[in-house]
Amino acid sequence: MDHCSAVQKTFSRIRYGSRLLLLLFGLVVAWTNANSVMAETTGFEQIVQSLTTSKFRDKEKAVRELAAVQDKRTMPVLQALLDARLYYRKADKRVVIVERVDGQFRMTDPVTAEELGTVPKRKIKKIGINNKLRKLLKSKLASLSLEGPDPSVRLSAIEQMQGQLDESQYLYIKKLLEQERDDDVRSAMVAALALYELDNGSADQRIKAIEVLSGNLAQVVSNRLQALLEQDDLEKEVRKAAIKALDRINERLKINSIIETTFFGLSLGSVLLLAAIGLAITFGVMGVINMAHGELIMIGAYTTYLVQSVMPNYTDLSLLVAIPAAFLVSAIFGILIERFIIRHLYGRPLETLLATFGVSLILQQLVRTVVSAQNVAVSNPSWMSGSIQINAALSLTYNRLFIFIFAMIVFVALLLILKKTALGLQVRAVSQNRSMAKAMGIRSDWVDAMTFGLGSGVAGIAGVALSQLTNVGPNMGQSYIIDSFMVVVFGGVGNLWGTFVGALSLGVANKFIEPFSGAVLAKILVLVFIIMFIQKYPRGLFPQKGRSAEN
Amino acid sequence: MSYLQQYFQSDRAGNSMLGALLAIAILVPILNLAVPESSVFHVSTYTVTLIGKYLTYALLALAVDLIWGYCGILSLGHGAFFALGGYVMGMYLMRQIGDRGVYGNPELPDFMVFLNWQELPWYWYGFDMFWFAALMVILVPGLLAFVFGWLAFRSRVTGVYLSIITQALTYALMLAFFRNEMGFGGNNGLTDFKDILGYSLQSDYTRAGLFAASALILVLAYLLCRNIVNSKLGRVVVAVRDSEDRTRFLGYRVEYYKLWLFVLSAVLAGIAGALYVPQVGIINPGEFSPLNSIELVIWVAIGGRGTLYGAIAGAILVNLSKTWFTGVLPEGWIFALGAMFVVVTLYLPRGLAGLITRKQAQT
Chain A
1 MDHCSAVQKT FSRIRYGSRL LLLLFGLVVA WTNANSVMAE TTGFEQIVQS
51 LTTSKFRDKE KAVRELAAVQ DKRTMPVLQA LLDARLYYRK ADKRVVIVER
101 VDGQFRMTDP VTAEELGTVP KRKIKKIGIN NKLRKLLKSK LASLSLEGPD
151 PSVRLSAIEQ MQGQLDESQY LYIKKLLEQE RDDDVRSAMV AALALYELDN
201 GSADQRIKAI EVLSGNLAQV VSNRLQALLE QDDLEKEVRK AAIKALDRIN
251 ERLKINSIIE TTFFGLSLGS VLLLAAIGLA ITFGVMGVIN MAHGELIMIG
301 AYTTYLVQSV MPNYTDLSLL VAIPAAFLVS AIFGILIERF IIRHLYGRPL
351 ETLLATFGVS LILQQLVRTV VSAQNVAVSN PSWMSGSIQI NAALSLTYNR
401 LFIFIFAMIV FVALLLILKK TALGLQVRAV SQNRSMAKAM GIRSDWVDAM
451 TFGLGSGVAG IAGVALSQLT NVGPNMGQSY IIDSFMVVVF GGVGNLWGTF
501 VGALSLGVAN KFIEPFSGAV LAKILVLVFI IMFIQKYPRG LFPQKGRSAE
551 N
Chain B
1 MSYLQQYFQS DRAGNSMLGA LLAIAILVPI LNLAVPESSV FHVSTYTVTL
51 IGKYLTYALL ALAVDLIWGY CGILSLGHGA FFALGGYVMG MYLMRQIGDR
101 GVYGNPELPD FMVFLNWQEL PWYWYGFDMF WFAALMVILV PGLLAFVFGW
151 LAFRSRVTGV YLSIITQALT YALMLAFFRN EMGFGGNNGL TDFKDILGYS
201 LQSDYTRAGL FAASALILVL AYLLCRNIVN SKLGRVVVAV RDSEDRTRFL
251 GYRVEYYKLW LFVLSAVLAG IAGALYVPQV GIINPGEFSP LNSIELVIWV
301 AIGGRGTLYG AIAGAILVNL SKTWFTGVLP EGWIFALGAM FVVVTLYLPR
351 GLAGLITRKQ AQT
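Those protein sequences? They're chains A and B, same order as listed. Residue 1 is where the first sequence starts when you use this note's numbering, and the numbers rise one by one after that. Residue 1 is where the second sequence starts when you use this note's numbering, and the numbers rise one by one after that.
Note that these hints are calculated values from the structure, not bench results. Owing to the predicted nature of the structure, the values given are computational and were not obtained by experimental measurement. Accuracy of the hints is not assured; some may be wrong.
Not close to chain A: a few residues of chain B, all C-beta gaps over 12 Å, as computed [stated by the list, open to error]:
| hint | residue |
| --- | --- |
| 1 | Ile-24 |
| 2 | Ile-26 |
| 3 | Ile-30 |
| 4 | Ser-155 |
| 5 | Arg-156 |
| 6 | Tyr-161 |
| 7 | Thr-206 |
| 8 | Ser-231 |
| 9 | Leu-233 |
| 10 | Leu-320 |
| 11 | Thr-323 |
| 12 | Ile-334 |
| 13 | Ala-339 |
| 14 | Met-340 |
| 15 | Phe-341 |
Listed next, the stretches of chain B that the computed footprint assigns to chain A, with coverage defined by at least 3 CB atoms under 8 Å from CB atoms of chain A [what the hints assert, rightly or not]:
| hint | segment |
| --- | --- |
| 16 | 47 to 56 |
| 17 | 162 to 168 |
| 18 | 174 to 181 |
From the structure, some residues in chain A lie toward chain B, with a derived Cβ separation under 7 Å [what the hints assert, rightly or not]:
| hint | residue |
| --- | --- |
| 19 | Ile-362 |
| 20 | Ile-524 |
| 21 | Val-526 |
| 22 | Gln-535 |
Backbone N, C-alpha and C define an ideal beta-carbon position, used for all residues, glycine too.
So here's chain A without its partners, still in its complex pose (with noise of 0.2 Å):
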């Protein structure tokens, strides 16, 4: 069985690589580690297994005998055994490791990680501790990781004892850190022993534990803080260091909330510039306003779906398969729209407007009845998941950071097509003045069906974006019409750089106006200054300049 699994996860390993020599090459490493493991295993096996004795003097052999084996699997082990999960079958007195799961339990081997389904409770008997081994437990658990080789668990192991340290554990810290190379850990074992000395040592001690601690943004050091000044018989000079190390803690807390609403506003701000930069094009370079722009998004979103259905086994490629294939599909509709309807609404803007709302109720009815009017799942690729650890209180989201890392590109890249490739000087040209841009030869028509192709394309794209962060279903183009139409107003029709402005600081200050006033109140807030604000300037932030009066 051993051999099977060994040979199964090196497989998965080297999946993607199909070439037979890595193939052979493969096998053969599969077939030494297999032979390794199994040398291991036997003796991993008895040890855990004369666990099951009833002497408590011969469990605490086994424990050290387990804790003195160099084996991943031993900490798992004995911290089961510390919390009273460690178990053996009663027919064949296997050593089994237990998760209760509605009244039942289910069954780990310890040895292979192999699962052995559920049992109810008669079925297997604790493997029992008495005090004097949970407190062996507790010192060769926390050894084992504190002296592992890998310094992400030594740091999590630290962090878990920060602030219940007792005496020895607190000596021992202090020899550890002397060898200690890993600077994360290395603070953290510093923290850990002010808070001890917080506690325990004297005045001076406890006034340098503080300086130490200052700054530190650990819950566990601003509640340790805080409970040493509600002590009454609190010396002066350490209460006041107490004060200034709390101030300094609010303050970072604060700029670290500062930080963090920045980065959901720019993120906010991302979505918003990806989803209206299309419109900016179709809007703001052609004049047209189209409605159905939501709906070249949610057909970019869905065209995700697809590719993910497609391709299911492929889910962390599959997005980047999505992004030109979005692109495609919703320039492809985009251009239809374009040849069989605006074309013949060409200087009736407000037509315009009502027949591509007409589209808009089309196509969501369209994906309504061929797809499914529910939502439909678009799995995030692995690369997306998880978030970076700033500090202790600041943590970005990757999803969100490559959204928005994808949105300056997208930006770039128009920008660049605009200003460099003979395509943007012909959309530009024909922007300007369209009669004039004929008359030196330009086809204004071909022109418009390649803009109105390119702002769909880049709504498609924001599809593939938002199927990442939202819902998909038929109606979430709708939620984005307002919004994007409200961004590009903001920001100066005709102007990608005022979009670019509009949509992130419209975000950011959507997400700084939330705390204040719940997220449906700030929406409506920032709507109303919108419409107070084309009042005011009714060209945007950024007006295009030009001698042309108004019709």
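Dock chain B against chain A, hints included.
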């Protein structure tokens, strides 16, 4: 603009529409109340309420046509004024419930008791009196339109910009009315009405009365609008639509004309909402949704804008087909509505009324 001149001189289509409206205002209640149910000519109360609802929609469409057809202001937020009028009426009807609510509180409507509110918010005072509510039906939408229009027209926000910010206005109001803290029943809105002016809303006579009132007010509003567009002021308004700058250069204060018309239109929409609520028995924030406002623009577009009677016909026709479609083929309605938007703007820029005038011009 020959078709316009034609209608300044004679409004044959409009006159026949007025005749028809007056006829149904009298006939339908009689057929409902006096004719026994077994008869072929009996009109069920359901139908009365349904047509009554259409008539309030028609009044709303008339209000939109007045500003869009004659002044070129495409408001995508007129549903907001309609809903505000509806909420004002809803507040009156809520207060009329008195202690007959589920919680039996004589002062507070049920939803406030449910939210643990202790006293009536100040803005609910006075709504137990009909005259006050009726005044508010005019004042609330009118005031909002005045403030909004004054700001917008003074700074010369026109065309698509205006359309978009009117849409933002109704969207913001929708979000606001969804909040429980606003004190208008949140998500559920106002409902469970009992009676109006002492008459039970469930009774056939009250329903017939509301129907007749809707028809008569529609007739009066039509006459008012026709008088306005035929007056000197109406001609200036049309001039604004056709060339705003030129009118301004001729010395007219364009923004005053637009503002005046916009406020009037909002008041008409508010009255329509106030007539709508007692007939359908509920008002909720969904009425503010931008989709509603834009849908009512298509009623006007299909009927034919700039004709007044076209708007009324369009509203009734589209809603009739909506009722029919959602009964027979619920999925198909959105397709049909979407197709209407496209086909009408592409091939029927003057709507159905345009078809009639074209035929008349040919003969």
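Consistency of the hints with the structure:
{"no.": "1", "hint": "Ile-24", "in the structure": "30 Å, holds"}
{"no.": "2", "hint": "Ile-26", "in the structure": "37 Å, holds"}
{"no.": "3", "hint": "Ile-30", "in the structure": "40 Å, holds"}
{"no.": "4", "hint": "Ser-155", "in the structure": "5 Å, violated"}
{"no.": "5", "hint": "Arg-156", "in the structure": "6 Å, violated"}
{"no.": "6", "hint": "Tyr-161", "in the structure": "6 Å, violated"}
{"no.": "7", "hint": "Thr-206", "in the structure": "36 Å, holds"}
{"no.": "8", "hint": "Ser-231", "in the structure": "25 Å, holds"}
{"no.": "9", "hint": "Leu-233", "in the structure": "22 Å, holds"}
{"no.": "10", "hint": "Leu-320", "in the structure": "19 Å, holds"}
{"no.": "11", "hint": "Thr-323", "in the structure": "18 Å, holds"}
{"no.": "12", "hint": "Ile-334", "in the structure": "4 Å, violated"}
{"no.": "13", "hint": "Ala-339", "in the structure": "7 Å, violated"}
{"no.": "14", "hint": "Met-340", "in the structure": "7 Å, violated"}
{"no.": "15", "hint": "Phe-341", "in the structure": "2 Å, violated"}
{"no.": "16", "hint": "47 to 56", "in the structure": "violated (count 0)"}
{"no.": "17", "hint": "162 to 168", "in the structure": "holds (count 5)"}
{"no.": "18", "hint": "174 to 181", "in the structure": "holds (count 4)"}
{"no.": "19", "hint": "Ile-362", "in the structure": "4 Å, holds"}
{"no.": "20", "hint": "Ile-524", "in the structure": "5 Å, holds"}
{"no.": "21", "hint": "Val-526", "in the structure": "9 Å, violated"}
{"no.": "22", "hint": "Gln-535", "in the structure": "4 Å, holds"}
In terms of the numbered hints stated before, the structure departs from hints 4, 5, 6, 12, 13, 14, 15, 16 and 21, listed from lowest to highest.
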